[in-house]
Amino acid sequence: MIAYAIGFTAACFAFGLLMNLWRVVKGPEVSDRILALDTMVINVIALLILLGLGLGTAIFFEVAMLFALVGFVSTVAYCRFLLRGDIIE
Amino acid sequence: MPADLLSPDLPDWAEYAVALILVIGGLFALVGSWGLIRLPDAMTRLHAPTKATTVGIGAVLIASMLLTYVKEGRLSVHELLITLFLVLTAPITALFIAKVHLHLRQDRGALPAPKSGKGWAGYTADGPVRAARLTRTRADTSD
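One line per chain: the protein sequences are A and B, in this order. For what it's worth, my numbering labels the leading residue of the first sequence as 1, then goes sequentially. For what it's worth, my numbering labels the leading residue of the second sequence as 1001, then goes sequentially.
This is chain B alone, in the form it adopts within the complex (with noise of 0.2 Å):
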């Protein structure tokens, strides 16, 4: 280990906090990873990843906010960067990964029905692309 980590000009309070907050996100990224294992299907399994493995990346991000200021007094911009695309970009790519899952699975008609009876959205706005594959997939079976 280096010898800056351990050097005892860090107040006892800083030391503390650091490491504590750094503990409690592994664990998150830990309950987080176990999740993705241990949950029983896709769509249960989309939360555990991109909830509590974020918020453990997060709480690294924070320790290393903190370590900074107190070691150099200086507030770091780099970790809120990375900690606000993080945040930014874990819903897309969770809703980007549930649309998937819909899409490809093949009981569409087990699915419960959405309370405004419109059908869900994944299914019934249809891009260009795949509207016009189903329109022709139609025409063939109809002809």
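Excised from the complex, chain A in its bound form (with noise of 0.2 Å):
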């Protein structure tokens, strides 16, 4: 039962992570393109956890914490050199 709700959701997750890549892809915005990544990066967490939860082991969830981290860095990075054109100023 659980095993098939694991596939159900990292189904329903790897969908949206190609939406998301259609959005990257169309675009029409800087900002719709760095939504859609970080969006992105918030679906492969999920994923991550899905897979530690299906192979049973627990090392999966600092790998998700880490990309966690990155993913908001990376973000607010993006964010913050095309508001000020410097990132540490």
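These aren't lab readings, by the way, just hints derived from the structure by calculation. Where hints are given, some of them may not hold.
[Stated by the list, open to error] Derived coverage of chain B by chain A (criterion: at least 3 residues anywhere in the stretch with Cβ under 8 Å from a Cβ of chain A; other residues may be distant): (1) 1015 to 1026; (2) 1036 to 1046; (3) 1051 to 1063; (4) 1078 to 1087; (5) 1093 to 1104.
Even for Gly, the Cβ is constructed at its ideal location relative to N, Cα and C.
Combine the two chains into a complex, taking the hints into account.
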């Protein structure tokens, strides 16, 4: 039962990843692309946690935490670059 | 699929609860990503991923915590950390993306004015670099 639910949820997140990729390609604004990339990072985190659930290990939580940190920092850095023309002033 | 997920030592209610929460989370994530495609302009598109997808991943993390608690009898803190981090950072990224969208648009006069009458904070509260750039360009054009 749980195995099927994990498969269904992973399929949902993977399909969402494809839709985000469509938005990254299509645009039309830079903010749309940043938002789509940020959402892709969140979907990948969910896929990692689902993989950890399916394999029964806890090692993927650290990977998910690192992905969350790097995704947040990269999103904020790109936004600051567009807002200020500089990342570290 | 690994055998320990299909092992019969899990109580029925736990199995159904975890599966239900997982499916709900997956549907929320699907709604969030579909909203990113479906909604008409950038400001409305900001809503779907920052809210629906956050709920989706929160549901997955709750399911993971519940499964760990039922299987091993201990409270897993990893999921709480990830949830806390995501819930803290999602509004910040949404604010930054909205500011980028407002900053880069050309037709600033087309925006509805805020009720305070002081103008939008993203435009009036200039940062040091941007303020210097603005005064420089103003001096260039006035000459």
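Hint-by-hint comparison with the structure:
| no. | hint | verdict |
| --- | --- | --- |
| 1 | 1015 to 1026 | holds (count 9) |
| 2 | 1036 to 1046 | holds (count 5) |
| 3 | 1051 to 1063 | holds (count 7) |
| 4 | 1078 to 1087 | holds (count 6) |
| 5 | 1093 to 1104 | holds (count 9) |
Against the hints set out earlier in the document, no violation occurs for any number.
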